[in-house]
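Got chain D; can you put chain A on it based on the hints?
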Amino acid sequence: MNHPREHDLALLAGGEAGPLRRLLLDRHVRNCAPCQEKIAAYCDLREDLGEIELPGSNWNEVNWNFLAADMRANIRLGLEAGACVRTARTPWRWKAPRLWKNPRPAIAFACVLIVTAAGELLRENKLRSPAVADSTPVLVTTDSGVEFRTGANSLTLLKHHGDVANQTVSARGDISERYIDDTGAVTINDVSLQ
Amino acid sequence: MFLCSKGVFAALTLAFAAALAAQETSLDVSKSVQIDLPPDAPLNLTSMTMGDSRATSRGGAIVLDLHMGLTLRNSGARHIRGVTLLITAQEFAPGGKGSVTRPSIDIPPGENFTLPVDIRLVRPVRETAGPMVRVRLDGVLFDDLSFYGPNKLDSQRALTFWEAEAQRDRAYFKQTLQAKGQTGLQSAMLASIAKGPERGQVNVALSRNGRAVGSVVPVTEHAEKFAALRLPDAPVETEEGWAAISGNEARSPQIEVLNRSGKAVRYVEIGWLVKDKEGNQFVAGTVPASDSAMVLPAGQRARLQQDTVLRFSRSGRPIEIESMTAYVSQVEFADGHVWVPSRQDLDSSPLLRVTAPSPEEQRLTEIYQRKGLAALVADLNRY
Numbered sequence: 001m002n003h004p005r006e007h008d009l010a011l012l013a014g015g016e017a018g019p020l021r022r023l024l025l026d027r028h029v030r031n032c033a034p035c036q037e038k039i040a041a042y043c044d045l046r047e048d049l050g051e052i053e054l055p056g057s058n059w060n061e062v063n064w065n066f067l068a069a070d071m072r073a074n075i076r077l078g079l080e081a082g083a084c085v086r087t088a089r090t091p092w093r094w095k096a097p098r099l100w101k102n103p104r105p106a107i108a109f110a111c112v113l114i115v116t117a118a119g120e121l122l123r124e125n126k127l128r129s130p131a132v133a134d135s136t137p138v139l140v141t142t143d144s145g146v147e148f149r150t151g152a153n154s155l156t157l158l159k160h161h162g163d164v165a166n167q168t169v170s171a172r173g174d175i176s177e178r179y180i181d182d183t184g185a186v187t188i189n190d191v192s193l194q
Numbered sequence: 001m002f003l004c005s006k007g008v009f010a011a012l013t014l015a016f017a018a019a020l021a022a023q024e025t026s027l028d029v030s031k032s033v034q035i036d037l038p039p040d041a042p043l044n045l046t047s048m049t050m051g052d053s054r055a056t057s058r059g060g061a062i063v064l065d066l067h068m069g070l071t072l073r074n075s076g077a078r079h080i081r082g083v084t085l086l087i088t089a090q091e092f093a094p095g096g097k098g099s100v101t102r103p104s105i106d107i108p109p110g111e112n113f114t115l116p117v118d119i120r121l122v123r124p125v126r127e128t129a130g131p132m133v134r135v136r137l138d139g140v141l142f143d144d145l146s147f148y149g150p151n152k153l154d155s156q157r158a159l160t161f162w163e164a165e166a167q168r169d170r171a172y173f174k175q176t177l178q179a180k181g182q183t184g185l186q187s188a189m190l191a192s193i194a195k196g197p198e199r200g201q202v203n204v205a206l207s208r209n210g211r212a213v214g215s216v217v218p219v220t221e222h223a224e225k226f227a228a229l230r231l232p233d234a235p236v237e238t239e240e241g242w243a244a245i246s247g248n249e250a251r252s253p254q255i256e257v258l259n260r261s262g263k264a265v266r267y268v269e270i271g272w273l274v275k276d277k278e279g280n281q282f283v284a285g286t287v288p289a290s291d292s293a294m295v296l297p298a299g300q301r302a303r304l305q306q307d308t309v310l311r312f313s314r315s316g317r318p319i320e321i322e323s324m325t326a327y328v329s330q331v332e333f334a335d336g337h338v339w340v341p342s343r344q345d346l347d348s349s350p351l352l353r354v355t356a357p358s359p360e361e362q363r364l365t366e367i368y369q370r371k372g373l374a375a376l377v378a379d380l381n382r383y
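So the sequences go chain by chain: D and A.
Numbering follows our numbering, in which position 21 of the first sequence is assigned residue number 21; successive positions increment by one, without gaps.
Numbering follows our numbering, in which position 164 of the second sequence is assigned residue number 164; successive positions increment by one, without gaps.
It should be emphasised that the hints constitute simulated quantities derived from the structure, not laboratory data.
Be aware that a few hints might be false.
[Claimed, not checked] Taking beta-carbon pairs under 10 Å as the criterion, some of the chain D residues facing chain A (in silico):
(1) 138
(2) 154
(3) 181
[Unchecked claim] Chain D residues, not near chain A, derived (Cβ > 10 Å throughout):
(4) 8
(5) 19
(6) 34
(7) 48
(8) 73
(9) 79
(10) 111
(11) 116
(12) 152
(13) 169
Even glycine gets a Cβ: it sits at the ideal position worked out from N, Cα and C.
The shape of chain A in the complex, shown without the other chains:
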């Protein structure tokens, strides 16, 4: 018995060691990535670093860890305000794609900037030809709000909204500086930083609403109505809406909206706030227009609905949904102009204290925290 056990144990140890050795088979990282920029793009790739990127074969899977730094030059004639790169690995993650965006920038012609791209791919080992990841340019937004790029991810709209928020927040902090001086600006920065902990962080799992035919609907599922939070200046308002709720799961949200402006609207996005059983409020997400070709004439109604399932948790524990609130967070008119809530709108309701700051506000508070008030004032005076 003793000899038998010892023999088995030794064999297991050898097998384990062999498995460990097999795990660290290194692959050629440089051949794993392909970067495509159109020849007429207003951006040139000047250099690329791979950092501690590596590709390893572990058991039956390949793990590709990419930590790239892409240095791009503005080769156009206008200042660049935002850039989006499209990341695809369709062959290995069918249906999934990603993007890396740098908003809130001001890159003059001829200047360089570096964009970090950090990706991890896991897929079963099999023979493949060509790169595992492709990086392409999806869009560039300029300071006059003109756009260049294939726009496959609708990045023109996203970059334009971020730029509108950036202009709003820069104007707010500049006005604060002019009206209340550096002390007032400092107070505004501290108030913005203090909001951070109130926002909290929620983990979300999102999937298509693919409930199998014949599957049982949970007995706890019920249609929960959205409470409408009306912003005084919003050109569109929420009327009624609901989502199927079961525990920590929200399914198929749909919201009816009314265009009360005098102009046709082609895109609306609704902010979605959730309160849990303990009374904590958090931003669950957004419900955008379902039809990308939507045109909502003045005075007309439309229904926004998405067939997805969201599950919320915090620190691994499900968050039980108690109630929901909806407010209009973005509107794009047919003429291309966009509307975002004003600072007064955002301050009008304590509910909106949990919404995330704009990328520009986040960047400005970072300058204040890292470099101090003088650096912040210098940045605000830059443009």
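One chain only, chain D, in its complex shape:
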């Protein structure tokens, strides 16, 4: 059986262990006679220490071994806590994943991405009405210009990058976009469904 460390028992005896640690220690100590004895000893020690009169008391009667153990436990605990804080304050640096050694996380991440993308695509298709099915010709305005799409084919009349465009949509089935070119002249691109 693995017994708790000495300083943990000391902290438990003094009521200074954290809630989670106390829960784990209590669970062990309930079924472990040696640890119960140690706890009882720590409790006695605390009582004895409480009765010490400082200064002028008889120091020869103090159980130095137990006191030293308690102090060591507290010092070690302090050192561990300090190490935790230092780790937390260390600036975060990105480390390249070790794909060669363990590609599983990357594969899992890629799978999640694929599933998410597929879900979005399916959702998109579900929301769209039959009028805009992939094979149905459709005109759309994009950042590039006016685009005619049908199946895998598309025809786009491009506007010059960065030029201000005014668009006009005709319910008859065409979209036109007007922009100013480098010479200051107006050009109108129109794409039709017909």
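Just chain A, lined up with the frame of chain D:
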């Protein structure tokens, strides 16, 4: 396990590299385009630049990026006011065609001008013969409003309306200059420029109303009526109309109009304004006459309807339609004369502040912004 993973990864890397190499297969761009101008056309093609045009094969598709500059010469005897070129790629984008138009110009006989044509075509790889894109002349409008060309795109009407708007706006800015001087003209320019941000930009997806048989009509769909915005001088007025609305989708708009002029009308176009749930107003589009051979006698009514679906979004987010307004934006009489709203009409309602400026107003404000007031005055005095 380690060796196995490493082997698989290396194989994937090699496959990816091979795929990348295959993507950049260059094709011959010059053979991709054919430009046809009729021999009797009042325009000659004097030169053509291809810029950084390229055609690449990427995986299973061919991507053709054309950035052409066509330099055309006015070989006729009259000033040219507008030109439309027809762009077709029927074999690769069946049902789709485009046009590139240069309105608001004044090209004297013998002078050159350059028209940019920027196209991107994407289609699956397959063996084809001949050019992928054809560029043809659809029409030329002259300063006396006469027209040359096959007019397959109805470009005569469009160029004539743009010319009518150009004449209206040039007259307005000239009058402003005469009445209020250069300071007044400057104020008018600044007011026009300030309208830009109010107009905003809306993304639209447009398709035929092909709802499949048996498909479910969204429970949110309802018939929304158009509010009528009557312009005092309009020869035709809107009476009633509606469209099926569901969220950001407007379907099958139809509007009844009354010809209150004394002349027969052969074309009417309705401007369509939409207000979203947040109260923002924007121009959704236009509803033109459905019948190209329409004749609407004086005092008679007609119904304009289009069987299309429009979806609106802004920055990728759907725009919920709250209400709609309709106004008459263009009328063509049977005798060929056209009517467009006057400047007073456009200023009569704050709703119309969101409408786009005419191409000519856009060009004039560009001259003012790029070259200053003196250049603008010189342009206004030119014709």
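Do the hints match the structure? See the list:
With 10 Å as the threshold, the beta carbon of residue 138 (chain D) comes within range of chain A, its nearest partner Cβ sitting at about 4 Å, so the hint holds. Taking 10 Å as the C-beta contact cut-off toward chain A, the hint placing residue 154 (chain D) at the interface holds, the least distance being around 5 Å. With its C-beta approaching chain A no nearer than about 6 Å, residue 181 (chain D) sits inside the 10 Å limit, and its interface hint holds. The Cβ of residue 8 (chain D) lies farther than 10 Å from every Cβ of chain A, with a closest approach of about 40 Å, so its non-interface assignment holds.
Every Cβ of chain A is farther than 10 Å from the Cβ of residue 19 (chain D); the closest lies at roughly 42 Å, confirming the non-interface assignment. The beta carbon of residue 34 (chain D) is kept farther than 10 Å from every beta carbon of chain A, the shortest such distance being approximately 45 Å. Non-interface status of residue 48 (chain D) relative to chain A is upheld: no Cβ of that chain comes within 10 Å, the nearest being about 60 Å off. Distance check for residue 73 (chain D) against chain A: the nearest CB is about 44 Å away, which clears 10 Å, and the non-interface claim stands.
No Cβ of chain A comes within 10 Å of the Cβ of residue 79 (chain D); the nearest lies about 38 Å off, and the non-interface call holds. For residue 111 (chain D), the condition that its CB be more than 10 Å from all CB atoms of chain A holds, with the nearest at approximately 15 Å. The non-interface label for residue 116 (chain D) is consistent with chain A: the shortest C-beta to C-beta separation is roughly 18 Å, beyond 10 Å. A beta-carbon of chain A is positioned within 10 Å of the beta-carbon of residue 152 (chain D); the least distance is around 5 Å.
With a cut of 10 Å on Cβ distances, residue 169 (chain D) falls inside the contact zone with chain A, its closest approach being about 3 Å.
The structure fails to meet hints 12, 13 from the earlier list, while all remaining hints are met.
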